[in-house]
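Enquirer: The residues making up each chain are set out below.
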Amino acid sequence: MNLVRSLLFAPANQPDRLKKFPRIAADAFVIDLEDGTPEADKAAARAQLNEIVGFLRAQALRGLLFVRINETGSAHAEADLRAALAADIDGVVVPKIEAPAQLREIGAALALREALGARPLSIVGGVESMRGVAHVLALAESEPRLGALYFGAEDYITDIGGQRTPEGLEVLYARSQTVLAAKMAGLAALDQAVVEIRDDQRFRADAACGRELGYGGKICLLPRQVELANEMFSSAPEEVERGRRLLAAAREADANSVGAFDFEGRMIDGPLLKRARALVGLADRVADSSAEK
Amino acid sequence: MNLVRSLLFAPANQPDRLKKFPRIAADAFVIDLEDGTPEADKAAARAQLNEIVGFLRAQALRGLLFVRINETGSAHAEADLRAALAADIDGVVVPKIEAPAQLREIGAALALREALGARPLSIVGGVESMRGVAHVLALAESEPRLGALYFGAEDYITDIGGQRTPEGLEVLYARSQTVLAAKMAGLAALDQAVVEIRDDQRFRADAACGRELGYGGKICLLPRQVELANEMFSSAPEEVERGRRLLAAAREADANSVGAFDFEGRMIDGPLLKRARALVGLADRVADSSAEK
Amino acid sequence: MNLVRSLLFAPANQPDRLKKFPRIAADAFVIDLEDGTPEADKAAARAQLNEIVGFLRAQALRGLLFVRINETGSAHAEADLRAALAADIDGVVVPKIEAPAQLREIGAALALREALGARPLSIVGGVESMRGVAHVLALAESEPRLGALYFGAEDYITDIGGQRTPEGLEVLYARSQTVLAAKMAGLAALDQAVVEIRDDQRFRADAACGRELGYGGKICLLPRQVELANEMFSSAPEEVERGRRLLAAAREADANSVGAFDFEGRMIDGPLLKRARALVGLADRVADSSAEK
Numbered sequence: 001m002n003l004v005r006s007l008l009f010a011p012a013n014q015p016d017r018l019k020k021f022p023r024i025a026a027d028a029f030v031i032d033l034e035d036g037t038p039e040a041d042k043a044a045a046r047a048q049l050n051e052i053v054g055f056l057r058a059q060a061l062r063g064l065l066f067v068r069i070n071e072t073g074s075a076h077a078e079a080d081l082r083a084a085l086a087a088d089i090d091g092v093v094v095p096k097i098e099a100p101a102q103l104r105e106i107g108a109a110l111a112l113r114e115a116l117g118a119r120p121l122s123i124v125g126g127v128e129s130m131r132g133v134a135h136v137l138a139l140a141e142s143e144p145r146l147g148a149l150y151f152g153a154e155d156y157i158t159d160i161g162g163q164r165t166p167e168g169l170e171v172l173y174a175r176s177q178t179v180l181a182a183k184m185a186g187l188a189a190l191d192q193a194v195v196e197i198r199d200d201q202r203f204r205a206d207a208a209c210g211r212e213l214g215y216g217g218k219i220c221l222l223p224r225q226v227e228l229a230n231e232m233f234s235s236a237p238e239e240v241e242r243g244r245r246l247l248a249a250a251r252e253a254d255a256n257s258v259g260a261f262d263f264e265g266r267m268i269d270g271p272l273l274k275r276a277r278a279l280v281g282l283a284d285r286v287a288d289s290s291a292e293k
Numbered sequence: 294m295n296l297v298r299s300l301l302f303a304p305a306n307q308p309d310r311l312k313k314f315p316r317i318a319a320d321a322f323v324i325d326l327e328d329g330t331p332e333a334d335k336a337a338a339r340a341q342l343n344e345i346v347g348f349l350r351a352q353a354l355r356g357l358l359f360v361r362i363n364e365t366g367s368a369h370a371e372a373d374l375r376a377a378l379a380a381d382i383d384g385v386v387v388p389k390i391e392a393p394a395q396l397r398e399i400g401a402a403l404a405l406r407e408a409l410g411a412r413p414l415s416i417v418g419g420v421e422s423m424r425g426v427a428h429v430l431a432l433a434e435s436e437p438r439l440g441a442l443y444f445g446a447e448d449y450i451t452d453i454g455g456q457r458t459p460e461g462l463e464v465l466y467a468r469s470q471t472v473l474a475a476k477m478a479g480l481a482a483l484d485q486a487v488v489e490i491r492d493d494q495r496f497r498a499d500a501a502c503g504r505e506l507g508y509g510g511k512i513c514l515l516p517r518q519v520e521l522a523n524e525m526f527s528s529a530p531e532e533v534e535r536g537r538r539l540l541a542a543a544r545e546a547d548a549n550s551v552g553a554f555d556f557e558g559r560m561i562d563g564p565l566l567k568r569a570r571a572l573v574g575l576a577d578r579v580a581d582s583s584a585e586k
Numbered sequence: 587m588n589l590v591r592s593l594l595f596a597p598a599n600q601p602d603r604l605k606k607f608p609r610i611a612a613d614a615f616v617i618d619l620e621d622g623t624p625e626a627d628k629a630a631a632r633a634q635l636n637e638i639v640g641f642l643r644a645q646a647l648r649g650l651l652f653v654r655i656n657e658t659g660s661a662h663a664e665a666d667l668r669a670a671l672a673a674d675i676d677g678v679v680v681p682k683i684e685a686p687a688q689l690r691e692i693g694a695a696l697a698l699r700e701a702l703g704a705r706p707l708s709i710v711g712g713v714e715s716m717r718g719v720a721h722v723l724a725l726a727e728s729e730p731r732l733g734a735l736y737f738g739a740e741d742y743i744t745d746i747g748g749q750r751t752p753e754g755l756e757v758l759y760a761r762s763q764t765v766l767a768a769k770m771a772g773l774a775a776l777d778q779a780v781v782e783i784r785d786d787q788r789f790r791a792d793a794a795c796g797r798e799l800g801y802g803g804k805i806c807l808l809p810r811q812v813e814l815a816n817e818m819f820s821s822a823p824e825e826v827e828r829g830r831r832l833l834a835a836a837r838e839a840d841a842n843s844v845g846a847f848d849f850e851g852r853m854i855d856g857p858l859l860k861r862a863r864a865l866v867g868l869a870d871r872v873a874d875s876s877a878e879k
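Protein chains in written order, with this note's numbering: chain A, 1 to 293; chain B, 294 to 586; chain C, 587 to 879.
Treat the hints as calculated values from the structure; they're not laboratory data. Take these hints with a grain of salt, some might be off.
[Claimed, not checked] Have a look at the derived ranges for each label pair, beta carbon to beta carbon:
1) B:Q494 - C:A704: 57 to 63 Å
2) B:Q494 - C:P823: 43 to 49 Å
3) A:A205 - B:Q494: 42 to 48 Å
4) A:A208 - B:A379: 54 to 60 Å
5) B:A394 - C:A685: 28 to 34 Å
6) A:A287 - B:A392: 42 to 48 Å
7) A:A287 - B:G558: 31 to 37 Å
Where a beta carbon is used, it is the ideal one built from N, C-alpha and C, also for glycine.
Only chain A is shown next, with the shape it has when bound in the complex (with noise of 0.2 Å):
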């Protein structure tokens, strides 16, 4: 899940923003049975959920495919749980983790289900409370089939009673705490969502912020949010050339015995080097990843 930079949500209940997802390049999709599903229609949004999935199948959806099932411990969670399982998905996102146990529980069905013969799925944690902020660490570590954390700011500054800004000053220690947490266990690390749909330079500020702090992707409320995303969590092609410039200067100088020189301004060693060889690292891989597709 490492190479996730778009994680589009929709609601469950909406099946025609559903089955656009095929004509979206998300590199991962999620069908919302929470928060973007109301309480009435949950449960009908759950029936349908096997046939959509097989819809977006025939389709031959690229990206992950995921259900967010509600809150464990909810009314709901168990049969969301059995229903997604029941479809051909790739995983499931668990809004809300709090307590290893309840990533514990989530996991037990995704063996049973394997024991079953069915391929492995993987769990998205969403760190999103003050409980699930806390306790991540320790949350992050908890579960072998957990590939992934989302960091969700709307919830967390209402769980805590804050407000959100633009700058995002108000979330900062949870949204570090969160990425450090997800990158240390070995995650993949996604980045909260913009609810400003219309505003797509609040979005790219927000998702440049948060590639700084570690963030490998983000979620996504709307296709428009997915190109941005999918943009901003990608190398530009000058950084890449720069990488490979001082990746260069860098064999140069080690020939001359050289461990730390100074390049275009820069005092480069160890750290600088790595994430030079990162960086043009991962831009291959997208590229053999793309012309796969």
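Put chains B and C on the given structure of chain A with help from the hints.
Expert: Chains B and C only, in chain A's frame:
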């Protein structure tokens, strides 16, 4: 204590300032035996405590009334606590909390007083040192009588050997961790003082930042700051109005089976709805509580 | 080590740069066997260590002298440590500390050397990975010979997969947690390097931010950065003067039984007084220590 927007401190050895409390609209008042009162005057101030509290009660002081004792373990703490508990107060403020044992000791003294028939008092703990911040998650859950935490930026930055700035990035980590611990434990969270006492703009900016982080109120050093804090930690009428419009739009969306909808340029679902409900609910409670006074 | 404002690194395989140390006013120097020295040159550099240290001592190097060994567990670490301990240094710099056992291992080697009659050496630990940051509170208190921690922003952001910006919000959490752990354990805290080696303004801004957070000094990559660090981590004469005025005003207030007083627009009490005392005290100690040199 969740409606405390303003917590006004005044030195225990300045009766003229204390006697003005009944004319000030603070949500809570603190008679300060700690930093506000010079060493040489602490004993005399303590001896007058009961009388001054009696005066304030006779004047029908609105708002909660607290006494801040000196740091536990200091030469004054025990005598301070005894004097405070002999007066008709609503609780004690304990500065520089660092270990659960400190709070449990104060809690035991309060429990003893209650066992003798007095009404329950609450504790406000000051998180204002490196140890306090590092252990704040455990501190917040260590004593059932704890009703609130305040974050003391000046003391914290003195302890760590840093410097204060208007933007406050130097305390963002500590201030974020403290509000998280407080709100997660169900406590009120009170934000740092602004020592620039003639700079309204700075107070407003600092209060806005505190509110965004999740704080519900702020330490005040002067009556003017009380006015500003009450304003900044209340919702502006246009915010409340917008919240009511949003909730109306949500009812309509729900009736149309739409779980996530576009409202004035924002994609609204669970968390933003909850926040609007909290905002409107708080505004209504504040209105009710003002009506009672 | 609490007076280390500048910690200058130079590659162990570049004797011409190392031999300039005695002409530079850094508070501490590091001969770098790790990132600064290419893999192929590490063994040769190690073999020359004793000689270069001898040269520097013969030149009456002012300031502390350290050797940075390679990461514990790497192929070089043991030989590095042996070579370092055979030379007349003041301590070892251990990069990428992540587990208390790493530090205790180094500590044991130092203890053995002391038992054989050598003078005590100290350890400077590098916090520059996700695990280092996540475990920094435990690391800081794990080994009595640990005298300082430095925060390595470039390595940290490489490890987490993020990107560096001039403002540094992407490392604020990690940088804040590291200084908190160091200062709480009584260690010196040394701030991140600035790799933009020709950008004085950026170095100054970054140093100011570090000082505000509580760091007492900074990693330096070039002699020019040493000058800037020494300046930025000393108090400006007007700051010290202001501190002396404030302390005089406090003595007067105290004589008048006033515990909290208005000084040039700020309400002064305990923490601000302590900070002024620390500022004036540090300025006096720095003056004394300069006089000694």
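Enquirer: With 28 to 34 Å as the target window, see if A394 (chain B) and A685 (chain C) comply at their CB atoms.
Expert: holds, 29 Å
Enquirer: Regarding Q494 (chain B) and P823 (chain C), is the given constraint of 43 to 49 Å on their beta-carbon distance met?
Expert: The hint (43 to 49 Å, Cβ to Cβ) is violated, given that Q494 (chain B) and P823 (chain C) are roughly 29 Å apart.
Enquirer: For A287 (chain A) and A392 (chain B), compare the CB-CB distance with the range 42 to 48 Å and indicate the outcome.
Expert: The hinted range 42 to 48 Å is violated for A287 (chain A) and A392 (chain B), with Cβ atoms some 56 Å apart.
Enquirer: If you check the beta carbons of Q494 (chain B) and A704 (chain C), does the distance land in 57 to 63 Å?
Expert: holds, 59 Å
Enquirer: Can you let me know if the beta-carbon spacing of A205 (chain A) and Q494 (chain B) is within 42 to 48 Å?
Expert: Distance hint for A205 (chain A), Q494 (chain B) is violated at roughly 25 Å.
Enquirer: Given a hinted range of 54 to 60 Å, is it respected by the beta-carbon distance of A208 (chain A) and A379 (chain B)?
Expert: holds, 59 Å
Enquirer: Go ahead and decide if the range 31 to 37 Å is satisfied by the Cβ distance of A287 (chain A) to G558 (chain B).
Expert: Once the Cβ atoms are compared, 36 Å apart, the range 31 to 37 Å for G558 (chain B) and A287 (chain A) holds.
Going down the numbered hints, you'll see the structure goes against 2, 3, 6, while the others check out.
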